[in-house]
Each structure stands twice: as structure tokens, then as C-alpha cells.
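Trainee: As a plain string of letters, each chain reads:
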Amino acid sequence: MVELELRNVTKKYGNLVAVKDLSFKTKKGELIVLLGPPGAGKSSTLKMVAGIEDVTSGSILMDGQVVNHFDPAERDVAMAFETYALYPHLSVFENIAFPLRSPKRAHAFSEELVRKKVLEVAQFLEIDMLLERKPKELSGGQRQRVSLARCLIREPKVFLLDEPIAHLDAKLRHRLRRELKKWQEERGTTTLYTTTDYLEAFSVGDRIVVLNRGILEQMGTWEEIYSHPASHFVGMIVSDPPMNYLDARIVAKDTEIVLDVKGSLFKLPANVQAKIRAMNLQEVIMGIFPSKIVPFAAETLPSSGTVIDGVVKFVELRGSRKIAFVSTDRNFTFTIQLSGEESVRAGDRMRYFFGEEAIQVFDRQSQRNVIYLG
Amino acid sequence: MNRERFSVVKIVSIVGLILLMLWTAFPLYWVFNMSIQTPLDVISYPPKFVFDATLENYSVVLLGKAWLGKYETVQTDFPRYFLNSLIVCFGAVALSMLVGVPAAYSLARYRFRGKENFAFTLLSFRFAPGLIVILPLFVIFRRLGIYGTYHGMVLAYQLITLPFSVWLMRGFFEDIPMELEHAARIDGYSWWGIFRKVDLPLVAPGIAATAILSFIFAWNEFLFGYILSSDVTRPVTPSLMGFISYEQVLWGQMAAAAIITLLPSLILAIFIQRYLVRGLTFGAVKG
Amino acid sequence: MAEVRVEHVWKFYREEAGAAQRVEAVKDATFRCEDKEFLCLLGPSGCGKTSTLRMIAGLEKISRGDIYIGGRRVNDLPPKDRMLAMSFESYALYPPLSVYDNIAFPLRARKYPESKIKEKIAIVADLLDISDILNFKPARLSGGEQQRVSLARALVREDAQITLMDEPISHLDAQLKAKLRIDLKRIQREWGLTVIYVTHDQLEALSMADKVVVMNLGEIQQVGSPEDLYERPRNLFVAGFIGEPPMNFLDCTFVEEGTQGYLKFHEFSFPLPPELTQAMRRENGKEKWVLGIRPGDIVLGAKVGDGYSMKGLVYSVEPLGESSIVTLEVNGQKIFAELAGSSEEEEGNVVVFSFHKEKAHIFNASTGKSIKE
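Chains as they are written, first to last, in numbering that gives the first Met the number 0: chain A, 0 to 373; chain B, 0 to 286; chain C, 0 to 372.
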């Protein structure tokens, strides 16, 4: 149970900046997810914490102590590599047992204990029938689990999991998401976990760090990120189907400030209006999650929020949900997510409700959510 | 239509291959014939392909047994020369591996100034014709007093075995994904532990292959062996010159000696095929 | 027009090894892709979908059966005469050529005038958002950019009757995939292309295809619209493969009390309507049965009218933005329920949950077939 901290950590590969001035601190025993697209700097960050890559500038601290110059072995971390890194000349059993046989540790583990621990973690990951095989005889998903097993068998200060379940089939991924979380919670080990899938991040992370090209865009719980994405990028990444983004202008209507999207006006909550006034913004981006736009059937218009008319262009089935692409009279389109039960067809004319609270406003220049400005 | 064309191409290529095989194998066949012919048959013209075979050449070369009354006796030092070759070649290969494997590892893994220059220079020693360096080497060796010694030869042979070994081994080390070493470091191993438990086992087939190939090159070497050895330390390849005496050439015996000389190379070359297995790290890393 | 008919097509590998040893990659495949239809060949790796596509393309020989493109039997036609455009999983871009030249390649091969080529490339580049990288060489591009160039090269072929795509977006990250799914579908509709698309990702198939052919181990499991496959899967394989999170499968037995049939799952009994009781009795009621229920069809807390209900323990709650997955445990088995919004449930709670009768899918455990067949 350690407190892991990164202070102004930067990593450059020649001229390429992989991680830029990254700072965050974990709580003891917390599982922090690094969420971002490929190239965001997630693996580089993990490798620096592990000690297999040098930090270009900045410090890495464990329980307040700077560990930049410590060997990986001394830092007592365990890592599951995204590219597996299995020892090809060793059997699955030997691969998993390898860390327990290192010079410093070997004396603490009798052969019997090694066998017991290997079996325990292998059963957990459903690879216990593969122990005698060599890596080249395994499928991609099996290799990934062996790599994970080799990491989990240890009791380190920090777990570093680099996309640990990315290459498994859907059923296994769903199961392991929960099981891994429980495994980590039971042991209370501080963990850094990377993924490109925001659902995985939401499911597993106590807090999430959203990375974009090496820069930290937002850090918080899933609720914080989901209710107020700090930037255009964050909104994009925590949404599938993607968040609706529409260019808008600030317009004053009566005493209120509203958004003007090609002539359609959208109402905003009071605190957002106050921010816009204070920052004197003109050009913004309106963001709204597809699931937050709902069909509106009532006779009377609501007192808050905005109602817009539109025509459904086409509908995509997504299993239990449907995605409708809607075009409005003012010639902008948006996507809306509906439950599978709704019967919507291309060509339907419908009314849609945009709640005030659901609308995110981003400053067009800085791409940041106005709530966080100033 | 397709089928016919296919067959014609196949027949032409088979015929071509057979011709190529005959062309390459014929000289060997001829030498082998010579080694089992009597002196009369050897020099007969037109050449005899059917004759009574005799093992006498082999017995003279290997055992030094002279045929009473009929043939010249040449004192046979052949077994000693063969042994010399074994000593020098094993020694040379052992030294190359001892020095070359760590060198290859450092070239594969570390960065230092002038690395590629160094690597290429080392390789270029193999390109240079032996004739260029042999005279200066001769002078140096005499001055240092290592002319005609086994250790002298082993050192000289490094010019043949070392560049090639380092180049090959570097490739094998580079084939090992860095991630394996990263994982081992995290698992708690020092650089020596990693080298011993991860790198060496993985390049073991590579080491075997390189050693065998180096041995073959060293064994076949003529020039260095010829110039830098004394009669005591002469390897087997230049020793074949000894069958050319003042008055005549002992073809049959030379042929027998040649056949015996080429045997180790041949056996090793067949053996090595099993070891040249690329993809020895398959399954270690994704992709 | 450009319809594709695949009729009783088989593909064998290693035929020389004899009928017992040969590998049957595709078995008796029959389906049609109509003109301007987006058809998906869907299945796990090794199911035969790529072999099928390659036979349609002419890159593999057809072992048995016939393939017709536009009414014409193409079994013996080489690929270049079949009027196809193809996008490969591994992109297959020509490294020494710029992006522009890569896309122009098939057009130049067919002697299009340069002005026309420029025009078409401009349209396609704009559509796929690659206008800024037209001068770069493939080595400088990211995976996503390479993918779009490969697609552009396939789409720019106006003369192609059908466009074939082999897992074109499988190697891209989630965001790019989401964007390209929408773009591809839009292009297909706007240009009226006939597309046959291979993938192992059921989400791609569901969101883009007009018709889906589900394959497993060389055999076609079901052909239908995405909705058909989702609502009315014909067997266990299709039911478990389509839909995310995957369908829950409960092992049950069939018991009868008088004329009323029940499906029994541990201590829970679900009464069956007469037609089903009869059908199951006919199939020798002692067979084991599997009850399938989609996570999205489970309701927590209340008992749904005209539905089946059970009681279980909450094993975990996963918040997923605008939905959440509650994992329930019943007699050691984990059942996933997907709920809209966040859930108030906590681990360890005992809850009642239920689902509508029509949402229950019943399969014969030995044949895998749905009882509603």
C-alpha cells in the first residue's frame, strides 16, 4: 500500500515528447486508470514508474521518497506488458514462477509454495490447463493471461497493468474486469492500469487520468469526468457513440445568455451563464452526450431546456440500444441514443429535448470546458 | 492449358537443377575417384571411370604403410597435421566465442560513440584479402616469437572467425525483444542474471550455429595456415601441398588426404541445418 | 446489376491428404448479396469468412459450388476480370508511392485521364479526411491514416461492381473505429455501393450491415438483418456471439406437472406456454435446455408482469456512464444485468430480478438450436 506520486514528469524520445509535465498522486491502495488513445503516453508513464525507462525530467515518488535512481528490482513493482514479454524458452509454469525465483526472493519460496501460488493465479485466469506449454503454442489471449499471471503472482508495492485484458474475447474481458478489481481490492495494492476503452476505465478505476499526447487533460472519478468533461478531447473519449459537438455563438436573449447554433437557441444553466459572462466568451462549442437528448412528446413546452424539431436520417442498431442520426430544419445534425424498445425509422419527424444541465460548453479556442475556466 | 504449361516449367527447372548439381558435384566425384585409384589409373588418358578400386592411398596417408616394392613411401605426418587443424580451429573458435559473444551483446544492446564504425571495421577485416596482411603478419609474428606456435595461429585465425561471429551473434541478440529483459529486470534479476537466464538460453542455438560455421571457415583456411605455421604446427589444408614433391605429384594420396580433410566440414555443414532456426523467440512478444 | 450469389460453395485445404485429412474451411455456403446492399460476413477467427471473401475475390480457388457476380458465373475468372475493389486487413499499401499515387494506382492501371483521377481522389480524400496527407509516403502515416488510405483506394474504383473489405478497421483504436463505422456506412449509402465486409466484431456488423451472414467453423449459422439476429437468434452460437454484454445462459431442465411444463433453474421454476410445452415434450423433454436472457432485458427490484423472476446476490456493480452492469450471483452462477443510469444496489444485497417471457430464448442444449425454430 504505497502512495505513488508523479511530479512534473516529462519523457522525450529524441525530439518526440511522449509525456509532458505529468503530475498526479494516488491514494494508498488506489486503482488509477490511465485512459487515452494509442500514443497518449500511457505505456511510457508505466515504464518510467517501473524504472525501465529513464525520466527526462521530473520525479517519481513512492511514499514521499524519490525513486528516480532506483533499479526496477529495488522499486518492488510488478508489470504486465501489453506485448506480453513472455520468456519463449520457458514453459507457462516457469514463466509465471520466474519472478519468485529471482536471487533476492528465491529463498523465501520453497518449491511447494511456488507450485501453490502458480496454480492459484493460473486458476484465477483460467490457464491452469496450459502450464506445460510453451508460449508459441498459445493463442494471443492465452499469452496475455500468462503475462498477467506472472505479474499478479507477486505482492509488490505497485501493480502496473498495461492494457491487460485488451486482447481477450468479450466474455472473458467482462469477467476479468470484475475479478481483477476484486483481486486488487482484496490485496490493497496501489495500481496503475492503462486502457483505451472508457467503459473499462469507468468499471475498474477508483479515479481516472485522461491523457492526450502526453498531457493530462482531466483527473477524477468517473462521475466527475462524465458529468463535466474538462475538454473537447475528454468528451470525445468517454462517449460511444461520440459526443455531439456543434459550433455555437454566444447570444444575449432577454436577461439570459444562450447558445446560438445556426439560428436555434439553447438554454443554459445559471452557473454556466455566469462563467461565460465573466470570461466574455463569444465563440464556443456546444457538447451534449447522445444519451442525454431525449424524444419529447408532451403538448406543452418545458420551462427549462430547449426543444428542437428534426427528421431522422437513419438508425443504427446497437444491440439493446439504437442510435438515430437526426437532422434539423436549421441544417445541423446530431446523434441520439435510444433504448432498443423505441421504434424509430428513417424519415420520422420528431421533437427532441435538450436539458440545460446536459449541455457542456467548451471555449472554442482553448477547447476547455468553461466551467473549469477562470 | 494451365496444366501443360506448369509441367513444362517444372521439367525445365528440374533439368536445370540436375545440370547444376552435376557441375558442382563432379570435381568432388573426380577427386574421390582419384583417391581409390592406382597411380597408373590416375594418370591414364582417356580417364578411367571403371577400374579396380583400392584403399591403398588411404592406408598410406593415414597409416604410413608403404607397399613393398611398388610405390614410393612418403612418411606420413598426415595424422599430425589433422590434429593440428583440430587444435588450431577449436582454439580459434573458442577464443572467438569467448570474446565475440559479449562483444556482440554490447553492440546489440548498448549505445556508445562510434559504435557502427567499430562494428563495420570489425566486419571489414573479413573482406580484406588475406594476401594483403599476410606479409606484415609474418614479420610481426617472427619478431614476437610466436611464429609457428599454436597460440600464434589461434590469434591469427581470429581475423577469420571473429568478425563473422560477432556479426552473426549481434543479429541473434538483436532478435531478442528488449521487453524480455525489461520484464526480467522488474522480476528482480540483475544484468548478469538476465544474461544467464534469459539471453543465453535464447541464443544457444545461435551460438551453436555460429561456432559451427566459424569452425568450417577456420578449417578451410589455407593461406594463414601455410604462411604462419612451422612444419610442427602445420594445419591439414596447407599440408596437402606436401604431396607435390620434386619429381612427381602423388595424385592418389593427395586425393585421399583431400577427401579426409573435407569430411569434418561436410559433416558439420549437414549438422548445422538443424540449428539455423530463425524465429526462436516466437511467442514471446505480440505481433 | 451487381448482386453476388454464393451457391453451395465449399473450400478444402490439403485435399491431397484425402477426404479424412483435408481441412474443410467452408462448408456448403449459400447466400445472396443484393445490389447496393451492405452484407457482413461475421464470425470468430477460423470460421471461414475470409476464405469465403477470397473465393468471391478470386484469390482462392472454389473447391465446390458456384459464385455469380452480376448474374455471371465467375468461378474461373481471374480477379482482375471480376470488377471488384478490395481493401485488405493489412492495408497493402505500396511503400515507395505517395498516398496520392497509391490511391491513383488502380485508376491509372485502367487508363483513366489524370484530370478525372484528381477529381475522384479529391472527393474520396475529403470524405475520409486524408486531404492533408496526400503527399506523404505510407511509412510516415499512423495506423489509422494507413487504414483510411487503403479504404480510399478501394472506394475510388467507380467501375467496381462490388467492394470487398477484409477486417478493414480491426487494428484501430476505439474512437477511430467509431468514426469510421459511421463514415463507411454513409459512403456506402450515398454512393450506392454493394459491399461485402468481413469482421469478427459483432458491433461493426450490427451497426453497418443490412444483412449479416454469421459463420462458425466453416458453416453458416444464420443469415438475416441485424435485428433478426439480435431478436431471434436461431442457435446458441448466434445468441452468444451477437450482443454486448453477451447473453446470459442458464442451464435448465424440463419438468412436467400434469399438462403444464416448466423450465427449472435450481430452485426456480418458469411455467411455459402450451405451444412451447408441446414442442419441448416432442423433442424428448428429458433433454437439457439452455435459457438465454440478454443483460439488457433484465429488470431489477420489481417483479415484471407476465415474466419470470429469480432472487440472487449482488456480486458487483460497474458504473458505465449512462448505464451500469450489475453482476448477480445465483447458486454460484454469475448473471449480468445491464441497467439504464446508475444503480443504487450495493454488493451483498439480495435482490429480486425478472424478465419478460418473450425475451427468454430457449435452446436445446445438445443441438444448440432455438426451440422457436
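Everything labelled a hint here was simulated from the structure, so no lab data went into it.
Virtual Cβ for every residue (Gly too), placed ideally from N, Cα, C.
Some clues are possibly wrong.
Claimed, not checked - Ranges of calculated distance between the beta carbons of each label pair, as one might list FRET restraints:
#1 A:Ser-226 to C:Leu-312: 57 to 67 angstroms
#2 C:Lys-263 to A:Glu-93: 21 to 31 angstroms
#3 C:Pro-43 to B:Arg-110: 37 to 47 angstroms
What the hints assert, rightly or not - With a cut-off of at most 25 angstroms between alpha-carbon atoms, the simulated PhoX-like pairs for lysine-lysine come out as follows:
#4 C:Lys-110 to A:Lys-170
#5 A:Lys-116 to B:Lys-196
#6 C:Lys-176 to A:Lys-321
#7 A:Lys-321 to C:Lys-26
#8 C:Lys-310 to A:Lys-181
#9 A:Lys-321 to C:Lys-287
#10 C:Lys-333 to A:Lys-170
#11 C:Lys-26 to A:Lys-312
#12 C:Lys-178 to A:Lys-261
#13 C:Lys-26 to C:Lys-210
#14 B:Lys-9 to A:Lys-103
#15 C:Lys-210 to A:Lys-321
#16 C:Lys-356 to A:Lys-321
#17 C:Lys-287 to C:Lys-358
#18 A:Lys-181 to A:Lys-27
#19 A:Lys-312 to C:Lys-358
#20 C:Lys-176 to A:Lys-181
#21 A:Lys-312 to C:Lys-287
#22 A:Lys-180 to C:Lys-26
#23 B:Lys-9 to C:Lys-60
What the hints assert, rightly or not - Stretch by stretch, here's where chain C covers chain A in the computed footprint (C-beta under 8 angstroms, at least three residues):
#24 54 to 68
#25 260 to 273
Trainee: Could you run down the list of hints and mark each one as holding or not?
Mentor: Hints, verified against the model:
no.	hint	verdict
1	A:Ser-226 to C:Leu-312: 57 to 67 angstroms	violated, 30 angstroms
2	C:Lys-263 to A:Glu-93: 21 to 31 angstroms	violated, 46 angstroms
3	C:Pro-43 to B:Arg-110: 37 to 47 angstroms	holds, 44 angstroms
4	C:Lys-110 to A:Lys-170	violated, 50 angstroms
5	A:Lys-116 to B:Lys-196	holds, 22 angstroms
6	C:Lys-176 to A:Lys-321	holds, 18 angstroms
7	A:Lys-321 to C:Lys-26	violated, 34 angstroms
8	C:Lys-310 to A:Lys-181	holds, 23 angstroms
9	A:Lys-321 to C:Lys-287	violated, 34 angstroms
10	C:Lys-333 to A:Lys-170	holds, 12 angstroms
11	C:Lys-26 to A:Lys-312	violated, 39 angstroms
12	C:Lys-178 to A:Lys-261	holds, 24 angstroms
13	C:Lys-26 to C:Lys-210	holds, 20 angstroms
14	B:Lys-9 to A:Lys-103	violated, 63 angstroms
15	C:Lys-210 to A:Lys-321	holds, 17 angstroms
16	C:Lys-356 to A:Lys-321	holds, 22 angstroms
17	C:Lys-287 to C:Lys-358	holds, 20 angstroms
18	A:Lys-181 to A:Lys-27	holds, 16 angstroms
19	A:Lys-312 to C:Lys-358	violated, 29 angstroms
20	C:Lys-176 to A:Lys-181	violated, 30 angstroms
21	A:Lys-312 to C:Lys-287	violated, 45 angstroms
22	A:Lys-180 to C:Lys-26	violated, 43 angstroms
23	B:Lys-9 to C:Lys-60	holds, 21 angstroms
24	54 to 68	violated (count 0)
25	260 to 273	violated (count 0)
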